[in-house]
Structures are given as C-alpha cells and as structure tokens.
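Novice: Sequences are here, hints too, so could you generate the full structure?
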Amino acid sequence: MDKAEILKSIESLAQKNVNGMYLNDFLLTWDKSEDEIAATLQTAEILRALRQNNVSSRVFETGLAISIFRDQSTRTRFSFASACNLLGLAIQELDEEKSQVAHGETVRETANMISFLTEVIGIRDDIYIGEGHTHMQEVARAVSQGHQEGVLPQRPTLVNLQCDIDHPTQTMSDALHLINVFGGIEKLKGKKIAMAWAYSPSYGKPLSVPQGIIGLMTRYGMDVVLAHPDGYSLMPEVLEIAQKNSGQSGGSFSQVTRMAEAFEDADIVYPKSWAPFSVMQERTRLLQDGDRKGLQALEKRCLEINKNHIDWECTEMLMKSTRQGQALYMHCLPADISGVSCQSGEVEASVFERYRIPQYNQAGYKPYIIAAMIFLSKFEKPAEKLSELLHNTKPRVHK
Amino acid sequence: MDKAEILKSIESLAQKNVNGMYLNDFLLTWDKSEDEIAATLQTAEILRALRQNNVSSRVFETGLAISIFRDQSTRTRFSFASACNLLGLAIQELDEEKSQVAHGETVRETANMISFLTEVIGIRDDIYIGEGHTHMQEVARAVSQGHQEGVLPQRPTLVNLQCDIDHPTQTMSDALHLINVFGGIEKLKGKKIAMAWAYSPSYGKPLSVPQGIIGLMTRYGMDVVLAHPDGYSLMPEVLEIAQKNSGQSGGSFSQVTRMAEAFEDADIVYPKSWAPFSVMQERTRLLQDGDRKGLQALEKRCLEINKNHIDWECTEMLMKSTRQGQALYMHCLPADISGVSCQSGEVEASVFERYRIPQYNQAGYKPYIIAAMIFLSKFEKPAEKLSELLHNTKPRVHK
Amino acid sequence: MDKAEILKSIESLAQKNVNGMYLNDFLLTWDKSEDEIAATLQTAEILRALRQNNVSSRVFETGLAISIFRDQSTRTRFSFASACNLLGLAIQELDEEKSQVAHGETVRETANMISFLTEVIGIRDDIYIGEGHTHMQEVARAVSQGHQEGVLPQRPTLVNLQCDIDHPTQTMSDALHLINVFGGIEKLKGKKIAMAWAYSPSYGKPLSVPQGIIGLMTRYGMDVVLAHPDGYSLMPEVLEIAQKNSGQSGGSFSQVTRMAEAFEDADIVYPKSWAPFSVMQERTRLLQDGDRKGLQALEKRCLEINKNHIDWECTEMLMKSTRQGQALYMHCLPADISGVSCQSGEVEASVFERYRIPQYNQAGYKPYIIAAMIFLSKFEKPAEKLSELLHNTKPRVHK
Numbered sequence: 001m002d003k004a005e006i007l008k009s010i011e012s013l014a015q016k017n018v019n020g021m022y023l024n025d026f027l028l029t030w031d032k033s034e035d036e037i038a039a040t041l042q043t044a045e046i047l048r049a050l051r052q053n054n055v056s057s058r059v060f061e062t063g064l065a066i067s068i069f070r071d072q073s074t075r076t077r078f079s080f081a082s083a084c085n086l087l088g089l090a091i092q093e094l095d096e097e098k099s100q101v102a103h104g105e106t107v108r109e110t111a112n113m114i115s116f117l118t119e120v121i122g123i124r125d126d127i128y129i130g131e132g133h134t135h136m137q138e139v140a141r142a143v144s145q146g147h148q149e150g151v152l153p154q155r156p157t158l159v160n161l162q163c164d165i166d167h168p169t170q171t172m173s174d175a176l177h178l179i180n181v182f183g184g185i186e187k188l189k190g191k192k193i194a195m196a197w198a199y200s201p202s203y204g205k206p207l208s209v210p211q212g213i214i215g216l217m218t219r220y221g222m223d224v225v226l227a228h229p230d231g232y233s234l235m236p237e238v239l240e241i242a243q244k245n246s247g248q249s250g251g252s253f254s255q256v257t258r259m260a261e262a263f264e265d266a267d268i269v270y271p272k273s274w275a276p277f278s279v280m281q282e283r284t285r286l287l288q289d290g291d292r293k294g295l296q297a298l299e300k301r302c303l304e305i306n307k308n309h310i311d312w313e314c315t316e317m318l319m320k321s322t323r324q325g326q327a328l329y330m331h332c333l334p335a336d337i338s339g340v341s342c343q344s345g346e347v348e349a350s351v352f353e354r355y356r357i358p359q360y361n362q363a364g365y366k367p368y369i370i371a372a373m374i375f376l377s378k379f380e381k382p383a384e385k386l387s388e389l390l391h392n393t394k395p396r397v398h399k
Numbered sequence: 001m002d003k004a005e006i007l008k009s010i011e012s013l014a015q016k017n018v019n020g021m022y023l024n025d026f027l028l029t030w031d032k033s034e035d036e037i038a039a040t041l042q043t044a045e046i047l048r049a050l051r052q053n054n055v056s057s058r059v060f061e062t063g064l065a066i067s068i069f070r071d072q073s074t075r076t077r078f079s080f081a082s083a084c085n086l087l088g089l090a091i092q093e094l095d096e097e098k099s100q101v102a103h104g105e106t107v108r109e110t111a112n113m114i115s116f117l118t119e120v121i122g123i124r125d126d127i128y129i130g131e132g133h134t135h136m137q138e139v140a141r142a143v144s145q146g147h148q149e150g151v152l153p154q155r156p157t158l159v160n161l162q163c164d165i166d167h168p169t170q171t172m173s174d175a176l177h178l179i180n181v182f183g184g185i186e187k188l189k190g191k192k193i194a195m196a197w198a199y200s201p202s203y204g205k206p207l208s209v210p211q212g213i214i215g216l217m218t219r220y221g222m223d224v225v226l227a228h229p230d231g232y233s234l235m236p237e238v239l240e241i242a243q244k245n246s247g248q249s250g251g252s253f254s255q256v257t258r259m260a261e262a263f264e265d266a267d268i269v270y271p272k273s274w275a276p277f278s279v280m281q282e283r284t285r286l287l288q289d290g291d292r293k294g295l296q297a298l299e300k301r302c303l304e305i306n307k308n309h310i311d312w313e314c315t316e317m318l319m320k321s322t323r324q325g326q327a328l329y330m331h332c333l334p335a336d337i338s339g340v341s342c343q344s345g346e347v348e349a350s351v352f353e354r355y356r357i358p359q360y361n362q363a364g365y366k367p368y369i370i371a372a373m374i375f376l377s378k379f380e381k382p383a384e385k386l387s388e389l390l391h392n393t394k395p396r397v398h399k
Numbered sequence: 001m002d003k004a005e006i007l008k009s010i011e012s013l014a015q016k017n018v019n020g021m022y023l024n025d026f027l028l029t030w031d032k033s034e035d036e037i038a039a040t041l042q043t044a045e046i047l048r049a050l051r052q053n054n055v056s057s058r059v060f061e062t063g064l065a066i067s068i069f070r071d072q073s074t075r076t077r078f079s080f081a082s083a084c085n086l087l088g089l090a091i092q093e094l095d096e097e098k099s100q101v102a103h104g105e106t107v108r109e110t111a112n113m114i115s116f117l118t119e120v121i122g123i124r125d126d127i128y129i130g131e132g133h134t135h136m137q138e139v140a141r142a143v144s145q146g147h148q149e150g151v152l153p154q155r156p157t158l159v160n161l162q163c164d165i166d167h168p169t170q171t172m173s174d175a176l177h178l179i180n181v182f183g184g185i186e187k188l189k190g191k192k193i194a195m196a197w198a199y200s201p202s203y204g205k206p207l208s209v210p211q212g213i214i215g216l217m218t219r220y221g222m223d224v225v226l227a228h229p230d231g232y233s234l235m236p237e238v239l240e241i242a243q244k245n246s247g248q249s250g251g252s253f254s255q256v257t258r259m260a261e262a263f264e265d266a267d268i269v270y271p272k273s274w275a276p277f278s279v280m281q282e283r284t285r286l287l288q289d290g291d292r293k294g295l296q297a298l299e300k301r302c303l304e305i306n307k308n309h310i311d312w313e314c315t316e317m318l319m320k321s322t323r324q325g326q327a328l329y330m331h332c333l334p335a336d337i338s339g340v341s342c343q344s345g346e347v348e349a350s351v352f353e354r355y356r357i358p359q360y361n362q363a364g365y366k367p368y369i370i371a372a373m374i375f376l377s378k379f380e381k382p383a384e385k386l387s388e389l390l391h392n393t394k395p396r397v398h399k
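Chains as they are written, first to last, in our numbering: chain V, 1 to 399; chain H, 1 to 399; chain D, 1 to 399.
No wet-lab data here; the hints were simulated from the structure.
One copy or any two copies: either way a pair holds, since identical chains are not told apart in the list.
Straight-line alpha carbon distances no greater than 20 angstroms define the calculated EDC-like cross-link-like pairs of lysine to aspartate or glutamate that follow:
no., residue 1, residue 2
1, Lys394, Glu61
2, Lys399, Glu380
3, Lys385, Glu61
4, Lys3, Glu384
5, Lys300, Asp289
6, Lys205, Glu105
Specialist: And the structure:
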C-alpha cells in the first residue's frame, strides 16, 4: 500500500464500530463483533503498510509491556516483542521461577504488582485444559479491580498469546493470510477449509489452534470441515460456537472422521496434530497431583494411541484431491515434517516445501495483529490516530 | 496534582539542597540528609504526577540500566524496570550464571565491563549478612575508579535494591505511603509505629526491611517501637542509628519483647518476619563453606525456633488494641497470611484483606521512588529539569 | 574529539568506499576491504565522540536487535546491548532452550521467524570447530532468501559476536586500542606484535581470538609473530590469510615455538590460552555423539597436555625482553592471572595489574565497534548521516 491507499483504508476503518475494544482485552475471537474482528485485521494491515513506508508508529514515549510465557515459544515471543516495540513499549518478561510467584503469591497480587506502569500484558498459558483462559480472566479481573480501586493509574490490556481454548493472535494472522491470498475478506465466502488432525510422534500439543480456527473461520461463510480420529474431539463449547457462527454467516460446519473426506475439493487445508481431549484432561489432573509415574504412563499411552493414526498425514496424494489439486496448505509452525524433523509426521516433505514461503508469510502477520490488538485497546479513535501518524510522517528509521 | 500544583511542588523542591545527590549512589537512607530524603520523596511525587498528566519524563534518548538480582524479586524487579523505562533507559539484566562472572572474574572487572554505556546499576544482594552492602560498595568503588581513570565515560549510579542492611527503595515507598495516608510529612510527628517481628513458617528472610524502617522512620519525630522475640535482634549499628535519629528528630525509639506492647495505641503497625541474626551469620559461614548438611540442619533448627513464637501474629484482637482500633497495617509483600498462603503466618486473613488496597498503593510508589533516586543523581538542577519537562509537555502517550 | 574534529573525521570517512558494507553482514575481517575496515574503525570513533559530546545517535525510532548466545558472555553481551541501544534498537535475546528451536526447528525457519521486524542479529557460536561460522552463514542465507521471497520486509544484518574462526568485534576493538595507544593507524607499520599461546588451567578456549588477531594485524604492515607449543596450531586457512595479508601490507608473519622468541623486542604482546586444534575437533565429534565419558576423558587429557606448558606465562622477566621492556600487554579478558584467579595462569599478577587500565580501555571500544558495524550496514551514505546527526544535535541526555 502506498500512502494514498493507506489513507483510504484508514477512512474505511473509521466506519467500523470499535468502541467495545477500547480499554478492553483480546482473549477469544468469538467475544469480538464482526466489526471488531474486521477492524483488527485492517489495523494490522495499516500498521504493516506504515512500516513499509518507513512511517513510525511509535505512539508511546515510555511504557512497559509484560510477557508471561508458561510454555515454550519462538514465533509468538518475537511477535509480541516486535509488536510492542513497534508502538514504543519496552518488554519485560515475568519469569515466574525468578519471582515471588514461586513463593505462593496470589494471581491477584502479582497482577497488580507488575502493572503499576504497564500498558500491556501478554500471556501464553496453554498447557492445562481448564486453566489457561481461566488464569487470564483472573488476571483481567485483578487489574480491573486494581484500576477501579486506584492502585493502577491505567488498566493494562491483556492479549491472549495462546490459552487452552483459543489462539487468537495465530488465527487472526491466519485469516489475514487467507485474505491476502484470496484477494479480500469477501472472497472467503463459500471456500472450503479442512481443519484436520494429523499424526505426530509428539505428545500434549494444545487444542487451541484447531479450536481457534473453527471458531473464527466459520464467521466468513466458509465451509469449515473438522476431521479427526475418534478420541481427538475438541471442547464441546467451541464446537457449539462454530456451529452457531456458521449458521449466522451462511457457511457450514461439519465433522468427518477421515482426512480424505475433509480434503476433498478443499480450497484450504490445515492439517495439524493435537492431543486427545481426555488425555489433556487426565494430564492436568496428574500434573496438579505431581504424579510423575502417572504422567510417564500417560505419555506412553498417548503416543501409542497416536500411532494408530500414523496414516493421518498430509500427502501429495491427498493434496491432489483438493480443489484443482491446489488447496492452500497452512500450518502454525513448527510442523512435524516426515523424513525431516521426524520419521513420520504431519506432512510430506514435498508438500511442506512447496508451501514454505506462504507459511512464512502467514507467520509474518502476527506482529502486526498483536500491535493492532494493543492499538485498538489504547486509542479511542484509532482511525484518527493512524491518520495523524500518516500525516506527521515521523520516519521509523532516520534514513 | 494538576499542573499548577506540580509547578508549586517543583518550586518547593528547588529550595532543597540536593548537591550531595548529584552523581552519587543511593545505598542507605541514613547516608542522606533530611533535605535529600525529602527531595527524593517529592521528586517521586512529581514524576508520578507528570505521568498522571500524560507528560513524558523521558530524559534519556538512549542509555542502559543494569539490574543484578542475587535473590528472587517481582515487585522490585518490575519497579526498577518501570522506573528506568520512565526516564528512557533500557534494561539489561546481568545474569551472573550466563556471564563470565561464574568464571571467577573480579567484581572490579565485571563492574567496569558492564558500564561503558551504562547510566544506572540496580543491585539486590540481601542473602548474606555482611556481604550485600559490602558488595555494593565494592561495585561503587570500581566504577568510581573506572570513571576517574578514563575507562568509563560516565559513572553509573548505584541503586540499592535491597542489601543485608537496608532496603531504601522499599522504606522510602513506605514513607511516601504514610505521607499520603496521614496528609503530609509533618503529620507523622508523634505518631506511634510498631515494627514487629511476626511468625512465618519460612526461613532466612532478610533483616533489611525492619532495619530500614527503624533507620528511616525515626527521622520524623515518630515513636518507633521495635518488637521481637529473644534472639531476633537486628544489627547493633542500625539500632544505634535509630537511637541517634530519634534523639535528633524529637521522637523516640524503644524496644519491647511483646507484640501486644508494641501494638498498644499504635498508629501504624508493620508486622513482618525475619530470620534470627545469629542464624543469618551462621548461614553465611555455612554457605561460604559449601556445607550443605550444616545448612539443612540450620534450616531445621531455625524453623523449630520460629515455631516457639507462632503466637506472634497480627490478629484482629491485636489490631483492636491500636489507636482507636484503626492503625494502618503495612507490609512489604508478599505476606504470609494465615489460612491463605500458609497454615499459621504473619497476619490474620481478615486483617490483611481489609488493608489490601492500601498495601497495593504502598507498593505502587516504588517505581517513582527509584526513578527519583536516579533523576536526582543525574541532573544537577533537578527542579529546573522537571520544570522544563512540565513546560515542554511532550506527551508520554501520543493520544 | 570536539565537534570540529568530528566533522573533519566525517569528511575523511566520506572518501572511503563502503558500498560493500551496505546491507551486508560482518562475519570475518578478511572478507572486508581496507577501506571497509578503516571506515568501521573511524565510524566507531565518531560514534564515541558524538556520545561524549552528548549528541544522540538514535537513528531508529523502533526496531529489534536479536542476540543469540551459544556460549557464556559478559563483555560482548553488554557491548552488543549498548551498541544497539545507542542506535535506538531494542534487544530481544533468543534463548534457544525456551524456544521451539529445542523442538528440532530448522535454522532456516527460526532465522525467518525471529526476523520479521528485526534489524540486526548478533550471534556468538564459538564452541564447536567447524560449526560457528557455518551456522552464521546458514542464518545469513536464510534471511537473504526470506528477504528476496518477500517474507522479510528488511534483511537483518548479521554481526559475528565470536565464531570458531574469527572474533571481529574483539579484534577490531583491539585495533582501535592500538591506534589510540600508538597515535594513528599508520604508526602500526613496522611494529612487532606477539600473539602467544599462554598456559591456563582451563579447557576448550576458542581459537578465534588468536586467529582473528593474526588475520587482522597482518594488514597493517606489522611484524606479526605467532608462538605456541607443538599441537596448538591454528586453522591452516587462517594461517594462509595471515601470510597473504602480511605480504600485501609490507609486514611479516612468522611462527615460532618459544614464547621468549616472540616477546623479544616486541612492541605489543597478546599472551592468551587456547585449546589444541585437534582437541577441539575431537570435542566437536564427541559432543555431536553425546559421548559424555569420551568428553570427560578428553578434558582430562587436554588439561594434562596443557600442564606440560605451564612455563608459557607472561612474566615480568619476559616483559623485560620486549622493546625497551615496555611492550603493550593486551588481553581480551577475562585473563587467568597467576595467584589471583588461578594458581598458575596466563600472566603474572604484577604485569596484569600494570596494564589493567589499558586493558579496560581496550574492552571499552567494543560497543562502538559493534554500533559502527550496524551503522555501516544500515545507511548507504554513512558520512552524510553522521553529519546530519552532528548538525541536528539532538542531545542524548536532555540535560
């Protein structure tokens, strides 16, 4: 986008109702209205375009952004750091092991103690079913209360960097990728997307990506097909949301039990491993009990169960059955690539390789998605603010 | 404070003699004059008010602030990060395990090597009696020498983020809290404050908070009463300082051996656990010798000794005996709350809960106290500089 | 330098051909032309002088700099942080253990995933012979490809923070130190520098410093003498480079087998321990095989071999044999000092102590060297840009 196009996009953004996002968190995509989701995608594109035009979007002279990672992360960690830096915030990571949190401090107390000068808190907490989202809500309540009671001079915005239920920074990036590949949000209508389980010799992968995908993509009038072996079902409440969304958007949501059926004539395929729901639940219980032997046994059993479905692989053969053999392959990365990162995995190496660049592009939207989530929470009139940035044209790099 | 009030406060700050703080460290409150302590508290309030008025106090375009944590920390870690960020400095943590320090490098060398472009060094070193403050002095000497010898283009300012003797960023925040609760520094005169030992099922808590409190609060004409069981005495040199201060300020300093006596008619109570001095000394020796068995035995013995004083708990009953039953309860957090974070602890849950918000406020001053310490060390005419910031009115957030 | 002198230096910088550095990495000094090396040294001095004159060199409003340390580091870690901060970039460290890298992600993928908004990547990877430089090249290829394919909006610049072959940020700082001590780059001609192995009771020190020194110092018409016991030879390809360089520069490069011979009439001595090449190669193999027993045996054997050369120590006696007994003693720090950090080490305590300040100065150039490397890669017309900074005179500290 050149500056004229950016201006046009800002003008269209100004038409959207984003009042609900101001001073609000981003935890689940289905908590957001159509306008809010659309505005987030659009703001992300505008921030990206500003940067490409070397226009600084540093809106904070000072301010902290705090990240809390309860699980490993590369992409999301660097995306969050990039997003915050793009707006002028400095990152401070809360390492719970180096802090008093390990000493039994309550969530409420910690949330307030780290937030006195904090603008944003990003949290990844995706390991335990029933915990991640609950924890984020607890943090949100704590800082809301703290702000109301005058403890915090501002209420930090929470951004869900992956919980047990949803992974909105991922799925919104995925959506932006689809919009750019297919040429517009309206072009997604009627497209078939296959969210399919795939085999991986690993254990305990979160359910939040497939859940987030069916929860978001059903909003665009797409035909969303979920495929997984018996025992790998997703949370019932998310399935309901997908069903409801598809009804409202004029698309469909269906579940099948064979990968091939899901891939048939699909425009987009998203084959990805996740853990069986029941295993994740049992794991949470065992972890809470500190039952190491039980966990080892569970892991062994889970890997055994996985092995029964080693044929759930995104092969060239399967890809041929998609729309004109040319479905867009997607993955949130890193993928388990057969013969590369493991013996048998989620995807055949040649398929992965053919879609390497699109996948990297897909990942590349995440910093801007996160920056947009923060931006829309911090500025009451985001379109006006973006317009100011564009017109003042302070360079990002002083070339 | 609105801008007119800020200006008035700056004008009053200009009357104080703060020459001794310029290019100087902040290690112990009793090394600072009355004017210097008052100026620090006032500068903290001005910086807080500037931020509330969305005035940027970014005085550094670039510059590093280094933190060295030899003990766990949440509050102080984030307070230091917030303070440095508020002034425009970027945090870089020295993780001694990932550095050559682990290879036997001397303090002198490390201090210089990390300071070439460094404006501030914040250190927490509170575990070993006889070591923390000594270490900070060694770092201070090293960077002074380095600066004199032309190795360092500037001398970084040291801020004591808790040592074995004092915890000035905590106690100064406590003082600011008292000033705000009681309506002015002059209102503290004649108030009775009880710094009391309290039971905790933990081991090895530093003595620096009670020491810092009696060393600072005796300067305001308060009646400072220190209470602890036999064997939990503080460092003799700090007791002397408290005695001397109270004489000069027209207050009093006394020691009692029962919690109830300290609480009687108190305006403020600060019940908090700490380790017996002799145990801390023995612990230092055993740690230096690497005597693991000895340490385990000592910990066991210490916890046994602690248990003899399980009745040293801040109860509702005791609170009733304070001035009109309404003394201000203070804690540096996290507290050991009976029935919440432990079975029996420092404070009854209902007392803690009633004072939760005041305590959070108490903690919330710390970022500004630290920023004030840095500010007064970096600017020869701090009032002029603050006035400039106020008049130029660069916004912190570009709203 | 005052501002007039800075301007003069900028004018002379403008005469140098640095086109090859624009959008390029800094991996090995011998990949750079004479003009490029000279321009880096000069830019470092200009950036240092700007800071001394309180002129901000913040050229980035926002942007990330990523550091990857596969080995311990203090000096280089803080130098890199300082350099990036000086230009306005925020540091984000890639901790490979906390990232998906540990999950078998490829270098190509990780390199792209961390680079979407990244301006610089600094890498220390010096442990395995045959790996560090190769890894850096792989990262460089990955981000080049990513940029070409439109994945990355900019290509991040790579800075070698020490590999298995070279340690350019160290040796360039060393060169700047020599230039300042001897009064100009042209004064180095004809000077004798002894790069000598020295005994240390440690194991596995990289070869990159001695290799970097002979690869760089042979470019200035110096008489470079390399001394080491049998079995401690350097990589043959670097010896060839040194030989070639010395021929071109009108200096000499020779190898001797006694420390005393190298020190004889030397103007500069650089006594430093390193591991035997063959041990490093075997170590790489054993590490890759995960052969712990083999590694322990190798370490033991290596330390035994080292002990045969305990007399390779930089003593006062040896120093007397240098030019007028006053050769400049250099070390990249930390040094193994006899009787201080170890029983017998690389250098006698009194020698080290006499040269403590010069050594600290030597280390102090590194932040500016790194900043210069980044600067020259990011600005097509660096002299113009520096001139702008000088003339606009935005203060670094708003005093």
